[in-house]
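Chains as they are written, first to last, in this note's numbering: chain A, 56 to 315; chain B, 1342 to 1653; chain C, 53 to 305.
These are computed hints drawn from the structure, not numbers from a lab. No incorrect hints appear here.
Chain A side only, calculated, beta carbon under 10 angstroms to chain B, not exhaustive:
| no. | residue |
| --- | --- |
| 1 | ASP213 |
| 2 | SER215 |
| 3 | GLY224 |
| 4 | ALA225 |
| 5 | PRO237 |
A quick note: this is a predicted structure, and the numbers were derived from the prediction, not measured. All C-beta atoms in this analysis are idealised placements derived from N, C-alpha and C, irrespective of residue type, glycine included.
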Amino acid sequence: MAVTMLAPLAIILVYSFLTRGAYGGVEPPSTIENYMRLRDPVYAAIIFRSLWIAAVATALCLILGFPLALFIARSGNRKNLYLGLVILPFWTSFLIRTYAWMFILRDTGIVNSVLQSLGVIREPLPLLYNNGAVILGLVYGFLPFMVLPLYATLERLDPSLLEAAADLGARPRDTLVRVILPLCAPGIRAGAILTFVPCLGTYLTSDLLGGSKTVLIGNLVQNQFTASRDWPFGAALSLALMAIAIGVLFTVRRRGEELL
Amino acid sequence: MASETVLELRQVSKAFATHRAVADVSLQIPRGAFFSLLGPSGCGKTTILRMIAGFENPTSGEVWLNGECINALPPYQRNVNTVFQGYALFPHLTVQGNVEFGLRHKKGSDDINRVNDVLKQVRLEGKSSRRPSELSGGERQRVALARAIVLQPDVLLLDEPLSALDPQLRKQVRSELRDLQRRLGVTFLFVTHDQEEALSMSDQIAVMNSGSLEQVGTPREIYAQPRSRFVADFLGAMNWIDGIGVRPEAVTITTQGRKAFVIGVTYLGSFCRIEMKLESGETFAAQAPPGSSYTTGQAVCFTWNREDEIHL
Amino acid sequence: MKGRGLALYALAAYAFLHVPLLILAIFSVNSSRFAVWQGFSLQWYRAVADDSNLIESSLNSLIIAIAATAVATVLGTLAAYGLWKRASSWLSGSLYLSLVTPEIVTGVSLLALFQWTFRFLHLRLGMHTVILAHVGFSLAYVVVVVLARLRNFDRSLEEAALDLGATEFETFWRVTLPYLGPAIAAAAMLAFTVSIDDYVITSLVAGVDSQTLPMVIYAMARRGVNPALNAVSTLIVFGLGVLVLLSERLRRA
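Using the sequences provided together with the hints, build the complete structure.
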């Protein structure tokens, strides 16, 4: 049994190889030049764009997901059904769900055909291949990641606390702000982490929905390992990405809160 | 000469999908009284409390507070406050934060002083910056009390507030609560299933059974002059013979009287309970001083005073 | 209260989540190539059936998924059990790490790992590397699901078994494992779903000669309008949807 416990450790082991890659890899001489290249404004722009898009997508997921989680938590014995309806689409092929938006938003897609046939516009709107489409795709893809932890926290809320608040004179909106939201904070934090980190490192969404105009960190990394064949730089980028992710994690987590 | 009625229930009923929790209850609660709703679990007393607080709507009937019908008012607009059975303290707020909570919605002049005053009344001054998780059960109960009292409600509703405390603590808290109520002059509506609690604390008791009101009266009235078999049996042990009821403590074992022989002796610390069997086969219980020595099978005589009889 | 408004909002949210896929399904039976409805037709499904590339890659995906699921489920269950018996910060740390790592980083690091070790072993990238990679990332999911079920398990049941004379292995086999049954099945289905759908990691570690279904789909999506893609998508979504439903049913058993 001790042997099998090592299996996930292989994943950690892998990162130590990354370090070597960053300092050499394909070419032996070790250098930190790769990290220096990150200072190049082109790359800095990419990093900031990734952070910005991930932040917006996460915020949107939170704003859109909270009322949904609230609805499910209050739906009595249909809870499992409603929860399932949220989880179900998520588990059926991320790739296809991303493609679905391509189909809808492209120049020959639904939105444009309908608008054109209604005479609202003459030329198709360039809905695809921009930051907005990427954000849309991210929110669509990761909304369940936000809803689940929010729901879990809301569900565990002691209903007598809500009654107590009303008993003491708080109107429903006051109760929401003064009791529900503060007590949901752990769920909000968990949801934010689960959403922000994957959004930051997204590859598919920005590739399919963003086109060549929207290059994010994920795309850049992938590029280094395939077309550009610059593994060391790619490795440096990956570590930078990991560093940001871990940084976010530590800032948002509180002691004693378990994600699992 | 009745004092003013602060809370009135007029033929209130509540039916749920599966059963009828409250059936046609009418009650008048005098201002400033310590009023208890006593009954076994499931008798509807908690439902009545919730209807007064506003968490349930009566299926029929009206709730009147201070001369106004409050049926249509949501909980946050009623001038009643509840001490919940589980206390329902906000875990993310300190003691101070919890007690202050309702003040934000009431025009309060001296809010800070009010809070400190109340904390002093419940002996929690100095603990105002603690969180509920850092308090003992008794302390938490006092925070729940303080939080409700500070808002100066017309009626304070207490839902079995002592049931979560250990027995020793319970006795102590009973007298504290009673003193607090007398000092504040606030009307307390106290729900419990423990008849000893109700008897020791209340000015008046309403006994409930399966959704209906059985009897309302002072503790003495209810104990000594029960108007139904249920009330008699619920308030304490009873002997029934030939349609007459006698409490065991009113039965004396003497040299003359009815004949019986002892079938059981139970030592209970402050007294012994003696179980007897009559020639007619019925059983009867009596109480004897703790030092007495009756043995099983012993033939005895017992009697009781006429005034102690309970006729229904 | 907020009841009705909230319900309306929820309806809109659910529409947002499900309508895009419904649109794909609707247009998969559209006789026109474009997004204008022209009549019912199954021609795209026929095109899918005729596409040997699609069929072959589907088979590859299936093989990979089954193999990876089998291995990941066994290893993951054992790992979860080990973690439950003796909490190890190494184990839970690496578990957490693998869940939080962006896909691209996992993929890239696995690629680097393979390249480095294969230099010594003279191996090349191919189906086997894909399977290994899939085991790598599904492991975490399996552990999470099984661990969750274990957390509800009454330890005293194991103690009772030991007390009655069973060895540690027997106890695991006859007492704990049956209890875990539904969770293991659910975890397996989860691992299967994740494996079938993976694009990012697979595309990095697959060799030239092994194509998986997601890779083919990705190429089709990039190339432009191809209504056969709608048909493929609908089939996959439907199939995986059923699988996920089964998995949830089992998990609650």
